[in-house]
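Peer 1: Spelled out, the chains give:
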Amino acid sequence: MMHRHTQPTVHPVQHIDFIKPHVFDVTEDVRLLWMKDVPNDTVRLDLFFDAGIIRGDKSIPAIVHSLLFSGTATKSSVEIHESIDALGGFLDTDLSFETAVVSIYCLRENLDKIALLVGEAINGLSFRESEVEDTLRSMGQKFRENQQKVRNVSQQQFRRLLFESHEDYSTLAQVSDFDEVNYTAMKHYFKDHYLNGLTRITLVGNVEQDSVDALIDLFGKWAVDCQPVFGKSFETTQKRNHFLVDGAVQTAIRMGKMMFPKNHPDYIGFQFLNTILGDYFGSRLMSNIREDKGYTYGIGSVIMELHNDGYFVIVTEVGKDVTEATLIEIQFELKRLQEEPVSGEELDLVRNYMLGQLLKSADGPYAMLDMYNSVDMYGIDLGFYDRAIAEIRAMQPERLQELAKTHLNWEDFLIVTAG
Amino acid sequence: MIAFNRFKLDNGLTVIHHLDPTTPIAVVNTLYDVGARDESEDRTGFAHLFEHLMFGGSVNIPDFDAPLQFAGGESNAFTSNDITNYYDTLPVQNIETALWLESDRMLSLAFTKKSLEVQRNVVIEEFKQRYLNQPYGDVWLELRPLAYREHPYKWATIGKEIKHIEEAEMDDVKAFFKAHYHPANAILCVAGNISLEKTTELVNKWFGDIPASLKPERMLPREPLQKEYREKIIERAVPNDAFYYAFKMPERRSFEYYVADIISDALGREKSSRLYGKLKKELKLVTSINAYITGSMDEGLLVIDGKLSDGVTFEQLETALWETLDELNAHPMSDEEAARLLIKIRTAKEFQEQGLLNRAMNLCIYELLGDANGVNEENTLYQSITAKQIQELGKTMLRRENCSVLRVKAIQA
Numbered sequence: 002m003m004h005r006h007t008q009p010t011v012h013p014v015q016h017i018d019f020i021k022p023h024v025f026d027v028t029e030d031v032r033l034l035w036m037k038d039v040p041n042d043t044v045r046l047d048l049f050f051d052a053g054i055i056r057g058d059k060s061i062p063a064i065v066h067s068l069l070f071s072g073t074a075t076k077s078s079v080e081i082h083e084s085i086d087a088l089g090g091f092l093d094t095d096l097s098f099e100t101a102v103v104s105i106y107c108l109r110e111n112l113d114k115i116a117l118l119v120g121e122a123i124n125g126l127s128f129r130e131s132e133v134e135d136t137l138r139s140m141g142q143k144f145r146e147n148q149q150k151v152r153n154v155s156q157q158q159f160r161r162l163l164f165e166s167h168e169d170y171s172t173l174a175q176v177s178d179f180d181e182v183n184y185t186a187m188k189h190y191f192k193d194h195y196l197n198g199l200t201r202i203t204l205v206g207n208v209e210q211d212s213v214d215a216l217i218d219l220f221g222k223w224a225v226d227c228q229p230v231f232g233k234s235f236e237t238t239q240k241r242n243h244f245l246v247d248g249a250v251q252t253a254i255r256m257g258k259m260m261f262p263k264n265h266p267d268y269i270g271f272q273f274l275n276t277i278l279g280d281y282f283g284s285r286l287m288s289n290i291r292e293d294k295g296y297t298y299g300i301g302s303v304i305m306e307l308h309n310d311g312y313f314v315i316v317t318e319v320g321k322d323v324t325e326a327t328l329i330e331i332q333f334e335l336k337r338l339q340e341e342p343v344s345g346e347e348l349d350l351v352r353n354y355m356l357g358q359l360l361k362s363a364d365g366p367y368a369m370l371d372m373y374n375s376v377d378m379y380g381i382d383l384g385f386y387d388r389a390i391a392e393i394r395a396m397q398p399e400r401l402q403e404l405a406k407t408h409l410n411w412e413d414f415l416i417v418t419a420g
Numbered sequence: 006m007i008a009f010n011r012f013k014l015d016n017g018l019t020v021i022h023h024l025d026p027t028t029p030i031a032v033v034n035t036l037y038d039v040g041a042r043d044e045s046e047d048r049t050g051f052a053h054l055f056e057h058l059m060f061g062g063s064v065n066i067p068d069f070d071a072p073l074q075f076a077g078g079e080s081n082a083f084t085s086n087d088i089t090n091y092y093d094t095l096p097v098q099n100i101e102t103a104l105w106l107e108s109d110r111m112l113s114l115a116f117t118k119k120s121l122e123v124q125r126n127v128v129i130e131e132f133k134q135r136y137l138n139q140p141y142g143d144v145w146l147e148l149r150p151l152a153y154r155e156h157p158y159k160w161a162t163i164g165k166e167i168k169h170i171e172e173a174e175m176d177d178v179k180a181f182f183k184a185h186y187h188p189a190n191a192i193l194c195v196a197g198n199i200s201l202e203k204t205t206e207l208v209n210k211w212f213g214d215i216p217a218s219l220k221p222e223r224m225l226p227r228e229p230l231q232k233e234y235r236e237k238i239i240e241r242a243v244p245n246d247a248f249y250y251a252f253k254m255p256e257r258r259s260f261e262y263y264v265a266d267i268i269s270d271a272l273g274r275e276k277s278s279r280l281y282g283k284l285k286k287e288l289k290l291v292t293s294i295n296a297y298i299t300g301s302m303d304e305g306l307l308v309i310d311g312k313l314s315d316g317v318t319f320e321q322l323e324t325a326l327w328e329t330l331d332e333l334n335a336h337p338m339s340d341e342e343a344a345r346l347l348i349k350i351r352t353a354k355e356f357q358e359q360g361l362l363n364r365a366m367n368l369c370i371y372e373l374l375g376d377a378n379g380v381n382e383e384n385t386l387y388q389s390i391t392a393k394q395i396q397e398l399g400k401t402m403l404r405r406e407n408c409s410v411l412r413v414k415a416i417q418a
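Protein chains in written order, with the working numbering: chain P, 2 to 420; chain C, 6 to 418.
FYI, nobody ran anything at the bench for these hints, they're computed from the structure. Among the hints, erroneous ones may be present.
Listed next, with one range per pair, are the computed distances between beta-carbon atoms [as the list claims (entries may be wrong)]: (1) P:Arg337 with C:Gln417: 45 to 55 Å; (2) P:Met305 with C:Ala82: 21 to 31 Å; (3) C:Glu332 with P:Leu117: 45 to 55 Å; (4) C:Asn198 with P:Ile381: 45 to 55 Å; (5) C:Ser45 with P:Val250: 24 to 34 Å; (6) P:Pro262 with C:Glu328: 27 to 37 Å; (7) P:Thr94 with C:Glu166: 35 to 45 Å; (8) C:Ala217 with P:His4: 48 to 58 Å; (9) P:Asp38 with C:Ala392: 58 to 68 Å.
C-beta: ideal position from N, C-alpha, C; glycine also.
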């Protein structure tokens with residue numbers, strides 16, 4: 002007999018297999034991680050460099066990152082891309098705070114050749130004048146465009162104020178960065194942070210051991226000489242700042258605070274609390290501010306990880322007339338977590354949801370490698386996830402309330418609005 | 006090769022089953038054959054607003070998301086001019102929860118006043134966030150009515166204007182549901198480590214008793230053949246001048262659709278493409294340039310868009326752009342270039358097919374086109390395309406009389 006009013010029996014996730022990649026030492030400080038068990042012909046190769054935004058000023062990290070495939074003494078950028086495209090390769094590059102990544106997606110039969118082309122392009126990067134100018138022109142234009150986006154302005158200013166105690170973490174790009182070309186600075190930066198900046202190689206693909214050895218030979222010569230050093234003990238003094246964006250019909254809000262690194266004993270518990278607050282569709286911020294009030298298309302919160310630290314941030318864009326009303330509701334939700342225990346029903350829902358998401362995050366070799374990487378980067382082993390499962394299963398309302406009282410005090414937050 | 010089974014319930018629901026024993030996660034994908042093209046011109050944005058309402062509780066279940074999250078899953082949806090697609094991913098042992106939820110909202114919605122009021126606001130904020138509060142955000146609101154005169158592709162999925170969303174009434178919502186949300190107008194895909202027998206049993210259990218309705222007949226106005234070069238210039242407070250060249254292209258079900266897709270790749274998909282090499286790298290007229298297709302079911306658009314470098318005029322661009330297009334029409338593509346485009350398509354497809362959700366969606370979309378197995382024939386179709394076919398379609402498609410140009414002139418705020 003079926004009852005449309007009653008949910009079919011739910012079986013919580015019991016067990017998740019976490020698979021460790023094969024690990025090879027490229028040098029004392031640099032390793033290659035390889036997930037071999039892939040049931041098809043696809044391959045992804047990622048090269049990690051100690052070339053994040055914090056490693057230079059005047060947007061040099063972003064500019065050099067954009068120029069990686071801009072040509073060598075013998076090949077133009079178009080020729081480089083033609084040769085990689087002819088092998089069906091897709092290049093992707095990503096630049097974040099503390100890391101720069103170059104990724105190659107291809108079929109396994111083409112990996113060896115594409116890796117050689119990528120090696121040649123980066124090794125021989127010659128900073129051709131016309132290419133540099135073209136890249137700076139595009140970046141300058143994109144920068145001006147981004148300055149009109151409230152989301153972008155709030156993100157930049159939030160970062161500047163949150164990390165104000167560390168210059169390298171808080172320096173913002175200026176439009177003038179893209180007007181003047183400093184070849185010497187670019188070349189130095191490139192040599193230090195790419196040709197001597199490789200920190201890690203990851204590979205997903207059912208390739209031969211010979212290919213892996215070849216990658217180590219090819220890219221190993223770019224390895225860093227010693228472990229890079231990252232910032233810690235950040236201090237924020239600002240509380241509330243507004244930045245004007247002409248003509249905006251919405252206001253972007255970013256509010257947050259410094260937290261702790263991933264190996265902190267509160268990390269997993271706080272992740273649970275963060276899920277309840279703002280990290281899934283049914284979260285309290287979404288239920289209140291989107292689904293009840295209709296102030297926004299979306300609102301969320303997230304814990305951002307740094308090598309030696311971490312921060313927590315709530316992000317949204319709301320109608321400009323409801324900015325203050327939104328902040329009042331956020332304050333209300335933070336307070337509610339501190340004052341009222343979470344109900345058994347909500348606790349079970351979030352528990353099951355988090356375990357389901359963890360299962361999904363470990364599904365397949367690509368996801369599993371990312372999962373491994375996201376702990377190994379911070380010197381943590383796969384046991385982290387078994388501990389996470391145990392902690393999620395055992396979570397109690399009192400513990401959540403305690404965490405909220407410690408970490409979600411309204412007066413500790415930096416609030417940045419743009420609009 | 007994506008293996009699948011297909012069956013139909015008595016009430017008209019088409020079901021596709023795809024077994025993947027390698028994953029602990031399952032997908033339930035439900036495609037409804039309704040999109041913004043099925044709206045009336047004075048009630049645009051409705052298909053998309055309706056997608057939001059589908060999460061506001063159904064006749065027997067007050068909240069859609071909570072039970073799914075309790076089962077360890079999550080859900081989302083998207084609306085296009087052609088279709089509305091809903092998808093749930095969750096641990097396979099709880100797949101019945103997804104079928105329970107999807108079947109109840111196919112049976113009937115709760116139609117609460119509160120849900121309509123709130124989602125109207127949410128969609129209006131979405132309108133602002135995506136279309137009004139971004140530089141160049143409103144170009145598609147301008148380009149569509151320039152390229153289409155009769156066909157409902159002349160308005161965007163979000164709607165022509167905010168007013169239409171503000172004015173949506175409960176009676177409209179109910180009528181829309183009745184016409185479009187029923188088994189005969191839907192394709193359901195169940196994918197994951199679940200047998201055909203179990204799938205058949207569960208789908209029958211939850212969807213079997215939903216009353217049948219007739220599939221609505223689609224009678225859209227046919228877009229008259231374009232015979233003139235159309236141009237429009239708008240002034241906006243943006244940092245740089247931008248351009249959008251839109252060419253009418255063959256409909257989704259035709260072989261030429263795939264040819265047009267290759268042409269767009271050749272022109273502006275990668276950094277080895279013709280427009281990128283010529284207009285950006287060689288002539289330095291633009292800071293960015295792309296070519297792509299809208300992927301529409303009916304006669305769609307091949308679009309070339311980009312931004313001018315400082316000091317370059319629209320006229321300079323115009324000349325160089327047409328020279329590049331005429332070049333493609335004048336000479337057959339070299340084997341080398343064709344091979345480069347085709348291996349990219351093959352590689353991209355291998356990556357797309359890794360994801361269970363992608364497979365489930367594509368099976369539904371191809372079933373809507375006529376046969377789910379089309380997903381397995383797509384690559385062969387692409388690989389069969391000849392230089393001659395490319396040149397022939399280029400000649401009919403990449404012409405001024407088939408083109409609508411929108412220019413955005415940057416002015417001070």
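Peer 1: Which numbered conditions among the earlier hints are violated in the structure presented, ordered from lowest to highest?
Peer 2: Numbers 3, 4, 6, 8, 9 - these are the hints that the structure violates, sorted from lowest upward.
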